[in-house]
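Q: Fit chain B with the ligands to the known structure of chain A by using the hints.
What follows is the residue order along each chain.
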Amino acid sequence: MRYSAFSIVKNALSGNLKWKPQWRQAEPKSHYDVIIVGGGGHGLATAYYLAKEFGVKNVAVLEKGYLGSGNVGRNTTIVRSNYMLPGNEPFYEFSMKLWEGLERELNYNVMLSQRGVIMLYHNDGQRDAYIRRGNAMWMEGVAAELIERDQLKKMIPFLNYDHARYPILGGLLQRRAGTARHDAVAWGYARGADRHGVDIIEHCEVTAIRRENGVVSGVETTKGFIGCGKLALAAAGNSSRVSEMADLKLPIESHVLQAFVTEGLKPCIDHVIVYGGGHFYISQSDKGGLVFGAEIDGYTSYAQRGNLATAEHVMEEGVTMIPGLSRVRVLRSWAGVMDMSMDGSPIIDRTPIDNLYLNCGWCYGGFKATPASGYCFAHLIAKNDTHPVARFLRLDRFARGYAVDEAGAGPQPNLH
Amino acid sequence: MASLITCPHCGVRPKEEFAIRGDASLVRPAPTASDEAWHDYVYVRTNPRGRTLEHWQHVAGCRRFLVVERDTFTHDVHSVTDGAAFARENGR
Ligand SMILES: Cc1cc2nc3c(=O)[nH]c(=O)nc-3n(C[C@H](O)[C@H](O)[C@H](O)COP(=O)(O)OP(=O)(O)OC[C@H]3O[C@@H](n4cnc5c(N)ncnc54)[C@H](O)[C@@H]3O)c2cc1C
Ligand SMILES: [Zn+2]
Chain A
1 MRYSAFSIVK NALSGNLKWK PQWRQAEPKS HYDVIIVGGG GHGLATAYYL
51 AKEFGVKNVA VLEKGYLGSG NVGRNTTIVR SNYMLPGNEP FYEFSMKLWE
101 GLERELNYNV MLSQRGVIML YHNDGQRDAY IRRGNAMWME GVAAELIERD
151 QLKKMIPFLN YDHARYPILG GLLQRRAGTA RHDAVAWGYA RGADRHGVDI
201 IEHCEVTAIR RENGVVSGVE TTKGFIGCGK LALAAAGNSS RVSEMADLKL
251 PIESHVLQAF VTEGLKPCID HVIVYGGGHF YISQSDKGGL VFGAEIDGYT
301 SYAQRGNLAT AEHVMEEGVT MIPGLSRVRV LRSWAGVMDM SMDGSPIIDR
351 TPIDNLYLNC GWCYGGFKAT PASGYCFAHL IAKNDTHPVA RFLRLDRFAR
401 GYAVDEAGAG PQPNLH
Chain B
1 MASLITCPHC GVRPKEEFAI RGDASLVRPA PTASDEAWHD YVYVRTNPRG
51 RTLEHWQHVA GCRRFLVVER DTFTHDVHSV TDGAAFAREN GR
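So the sequences go chain by chain: A and B. Going letter by letter, the first sequence gives residues 1 to 416 in our numbering. Going letter by letter, the second sequence gives residues 1 to 92 in our numbering.
Just chain A, same shape as in the assembly (with noise of 0.2 Å):
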């Protein structure tokens, strides 16, 4: 069913009993062309262009839990393309242009807010570092404007101005970024996947990888062995694990990353703000809701709740930047385990086995990637060749000597 104005008004009329799941509950098959692990945002992307854009129809999407259960649906929904590297930025200036006509596209609202994302600085240090940062972003035609402490007093007039160790001078805006629905994106992928015929199959755990002749012949998973053509794997924060099951082993360190929302205000924080002292970033849901997190808690982890010492220190960090938070009632905080890289940035490129693909190290940025992501990993598996966009974020990168390291903190995946 298209959904639409009509299709409103008409199911509306008959008491809304009418709708239609929004994918169908598909039973494996014995064999895919493409078989995809983990029915996360990248997963259920990757399925939907594959059969979408490169004609390839035969394809399962695999996930252990319920659809959207892992960090789709875990994270703070921030989309942006302010990155600084020649290896990211026309990355994420692609999946930008996608979010710009998802909706369109999926024929779903994802609930894409182009409301602004300011970084801030709060030295001279940080306010050169992010002209350079704009600088790089206008040479790969993406707009970015350098905000002034008087013109962003106009703006956010609630930010703690004048404090002592972080004064805030100023930050960086890119006013195309902002926020989306993160479960709707899942939702409007699998429902584009599944009307392109691609089987989606919730509850389906992948636990071993079958190789005959050193090629993949396919998984055996919790509802039995399916056969595959290809495998491509995107499970994210579990990324180690299922490629440990063809002997494979990442440069990758699965961590822990909070987040936290209050109880629902009246419209008051216009704007996705980040914090330049420290990581903090907060944003307001259209439930009203502050939606908020920091840091990864720094430890390596794969259980999906973090420390109460962190759940403080973001707080701190908050109310450093934004007394008035201090008044605020934190309602709900939860966390994912992110696939942390070795530089900071993903991988999506082949394996040392044929018909293996990977697409993981998204670390805490993977949503705004989606997109992209999906776009990019299909692009490959299809044509087993890397879209031009997709060219520095290469497995090999490391031996090779091109890591590509926004943060410049070296192989040390905490710090990222």
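Simulated from the structure, these hints should not be mistaken for lab results. Note that the coordinates shown come from a computational prediction; the quantities given were computed from them, not determined experimentally. Glycine included, each C-beta is placed from N, C-alpha and C at the ideal position. Relax, there's no trap hidden among the hints.
If the Cβ cut is set under 10 Å, some of the chain B residues that face chain A in the computed set are:
1. G22
2. E36
3. Y43
4. T52
5. E54
6. T72
7. F73
A: Relative to the frame of chain A, chain B with the ligands by itself:
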């Protein structure tokens, strides 16, 4: 993650006093080892779900490097050993 770490030198301390360096199961290759061996040492991780060994430095205490054995899924801490003692015991 457990909130308390028992430093062999300082006793029970909040985990915020420690800086986490990373995987302690890796063995540094010889200076003349191959590029592959160095690449694996610097960039590739087992990243286990379960028991793991990590270097933690007690930066707000004795400043010793410690080896913390803990579970990445349950977050239980099984043992904390002084880094030098760990190296000796394991013949490194
Ligand atoms: C708290 C938090 C805040 C974040 N904020 C942002 C943000 O503001 N902006 C941004 O861009 N990014 C953000 N991120 C990062 C972003 O959410 C992730 O990088 C991205 O969602 C990862 O891709 P995915 O959606 O495919 O992952 P997932 O949704 O995690 O998908 C992977 C799936 O693989 C499945 N799986 C794993 N192993 C198996 C197996 N053996 N068999 C079958 N299935 C398996 C999992 O169940 C999971 O559903 C945040 C993440 C967190 C946790
Ligand atoms: Zn100590």
